[in-house]
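> Sequence:
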Amino acid sequence: MTGEHADRLTGTLGRRTQRLVFGSDIADQVAELELITRVDLAHIVMLTRQGLLGARAATALVDEIRRLRSGGFVALRARPAPRGLYLMYESWLIERLGDEVGGMLHAGRSRNDLKATTTLLRLRSWLLDFVTEAARLQTILLCRARAHRDVVMPVYTHFQAAMPITYGHYLLGVAVALGRDIEAVRDAAGGLRRCPLGACAVAGTDLPIAPEVTAALLGFDAGPVHAVDAVASRDVLLRALSAVTGVGLTISRLATDLQLWSTEEFGFVTFPERLVGGSSAMPQKRNAFLLEHLKAAAGVAVGAWTAAAGMIKSTPFTNTIEVGTEATGAIWPGLDAVSRAVLLAQVIASGARPVPARMAERARLGFTTATSVANQLVLAGVPFRTAHHVVGAAVRTAVDDGSATLGVIDLPRGRGALKSADLAEVVAATRVGGGPGSFDEVLAHARADAAGHAEWCRVRCSALARADRELSAAVSALTETDEPTWVA
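Residue numbering for the sequence shown is 1 to 488, as defined by my numbering.
Derived by calculation from the structure, the hints in this document are not laboratory data.
Don't be surprised by glycine CBs; every beta carbon is placed ideally from N, CA and C.
Any given hint could be a false lead.
[As the list claims (entries may be wrong)] Computed beta-carbon distance windows for the label pairs:
| id | residue 1 | residue 2 | range |
| --- | --- | --- | --- |
| 1 | 80 | 190 | 18 to 28 Å |
| 2 | 136 | 310 | 25 to 35 Å |
| 3 | 125 | 147 | 44 to 54 Å |
| 4 | 159 | 80 | 58 to 68 Å |
| 5 | 277 | 393 | 40 to 50 Å |
| 6 | 448 | 479 | 31 to 41 Å |
| 7 | 410 | 287 | 31 to 41 Å |
| 8 | 434 | 410 | 31 to 41 Å |
| 9 | 280 | 125 | 35 to 45 Å |
| 10 | 272 | 380 | 40 to 50 Å |
| 11 | 404 | 383 | 41 to 51 Å |
| 12 | 287 | 147 | 53 to 63 Å |
| 13 | 74 | 303 | 35 to 45 Å |
| 14 | 310 | 380 | 54 to 64 Å |
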């Protein structure tokens with residue numbers, strides 16, 4: 001027998017059950033087949049070099065795979081897949097090319113290591129795109145920070161005005177945090193160095209395959225280090241989601257502040273009409289609703305991680321559907337939610353406009369220079385706790401008098417008096433510890449950080465493009481010879 005039923009099993013799943021288990025989305029199937037056939041081309045090159053596949057058979061396989069790829073896999077779309085996408089695709093090759101050719105493609109591998117490999121290929125491409133866009137968001141934040149470096153505003157703790165900073169300094173802080181989040185994503189991507197292909201079903205193989213060849217042709221650094229681990233583990237995907245969730249959390253906090261500050265009660269930030277929505281019932285409304293999408297995205301990612309980790313928990317350490325299919329499937333929506341949030345945050349960060357007069361007014365009315373006044377008393381020889389009490393009493397007196405400014409504070413031992421300092425002067429003087437007065441130094445650091453992320457993407461994209469060229473050249477070389485190439 002040939003095709004999907006040429007083994008111990010003779011029964012198949014019903015069509016409805018097939019849809020439930022394997023899915024039926026054409027776009028997803030085409031994307032998966034693109035990855036499978038990419039792996040196949042590298043596998044064919046390796047099998048041929050190892051003398052396990054003749055050159056003519058290799059050429060026939062390559063030609064058929066190329067036809068399928070160029071045609072968008074249309075020929076496979078109506079075929080039943082009672083045992084999954086790969087075996088349906090393999091049965092097509094066997095029907096077209098015969099057992100002696102189509103039946104050799106799967107030598108030295110399993111669906112287990114193949115699926116683990118295509119998962120990492122998909123994740124690698126996704127992470128490169130994600131880091132590129134996240135670094136672009138960081139750059140946008142830095143540009144807006146520089147533009148608004150002199151717009152004084154209060155920074156809040158416990159929702160109470162605390163000290164004067166600038167809107168640019170606030171955005172710069174978000175950019176610094178985002179840069180650290182991106183670094184975590186890059187660290188998670190380190191798990192993509194090894195290709196699982198070669199681990200086979202779960203314990204490797206006694207066929208003389210060369211996993212390092214397929215790994216290199218697919219853009220990995222090396223093959224699997226341990227067969228069971230290679231097919232049992234999806235920790236790289238889970239770790240990537242964890243790191244990406246960090247990006248989502250930072251974006252959600254930015255969105256929370258901007259939503260609060262864009263209310264009429266605060267009036268710190270406005271958005272152009274293209275970034276707000278109205279109400280179907282209340283004509284006066286001007287809703288910055290896009291910020292709510294940003295806030296929700298992090299929740300999707302947190303939920304995805306929790307779901308995937310819950311599925312992986314207590315599973316046997318071997319190939320298992322709970323890990324390789326179900327948990328993996330739960331992770332992608334979390335990744336994609338944050339990816340969309342990054343793109344949306346780019347637009348929002350670019351479009352948000354501060355209202356300088358309102359920000360400065362709230363900084364003044366909130367007595368945000370009080371700490372600076374206390375520090376001036378410390379410089380005059382007053383213990384800080386004493387200075388804290390003195391300035392606190394002055395604030396209380398001002399509030400009782402209905403004043404928005406501190407009164408004159410006498411210094412000890414006839415050293416004169418202090419008045420509430422100018423907001424801009426306080427901001428400029430607050431340099432130590434990364435305060436707003438150190439804006440230029442922090443900006444330079446953050447710019448270098450963003451440039452490093454962009455360079456990381458460039459280097460990896462270049463390496464992958466080189467691997468693609470090498471794979472293409474190796475595949476083309478197969479069709480130009482009548483004899484197999486042997487490797488000692």
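> All hints are to be evaluated individually against the structure, with a verdict given for each.
Hints, one by one, checked against the model:
For residue 80 and residue 190, the hinted distance range of 18 to 28 Å is not satisfied, since their beta carbons lie about 41 Å from each other. Remark: the range hint 25 to 35 Å for residue 136 to residue 310 is upheld by a beta-carbon distance near 33 Å. The hinted range of 44 to 54 Å is not satisfied by residue 125 and residue 147, whose Cβ atoms lie roughly 34 Å apart. For residue 159 and residue 80, the hinted distance range of 58 to 68 Å is satisfied, since their beta carbons lie about 60 Å from each other.
Taking the beta carbon of each, residue 277 and residue 393 are about 48 Å apart, inside 40 to 50 Å as hinted. Distance hint for residue 448 and residue 479: a CB-CB separation of about 47 Å, inconsistent with the stated range 31 to 41 Å. Checking the proposed 31 to 41 Å range against residue 410 and residue 287 shows it is violated: the Cβ atoms sit about 51 Å from each other. Checked against the hint of 31 to 41 Å, the pair residue 434 and residue 410 passes, with Cβ atoms roughly 33 Å apart.
Between residue 280 and residue 125 the beta carbon distance is about 40 Å. The supplied range of 35 to 45 Å therefore holds. Checking the proposed 40 to 50 Å range against residue 272 and residue 380 shows it holds: the Cβ atoms sit about 48 Å from each other. A hinted range of 41 to 51 Å is violated for the C-beta pair residue 404 and residue 383, which are about 28 Å apart. Judged by the Cβ atoms, the range 53 to 63 Å given for residue 287 and residue 147 is violated: they are separated by roughly 25 Å.
Taken as a hint, the range 35 to 45 Å holds for the pair residue 74 and residue 303, whose Cβ atoms sit roughly 36 Å apart. Separation of residue 310 from residue 380 is about 60 Å and conforms to the stated range, judged on CB atoms against 54 to 64 Å.
Hints 1, 3, 6, 7, 11 and 12 from the list above are not met by this structure, while the remaining hints are.
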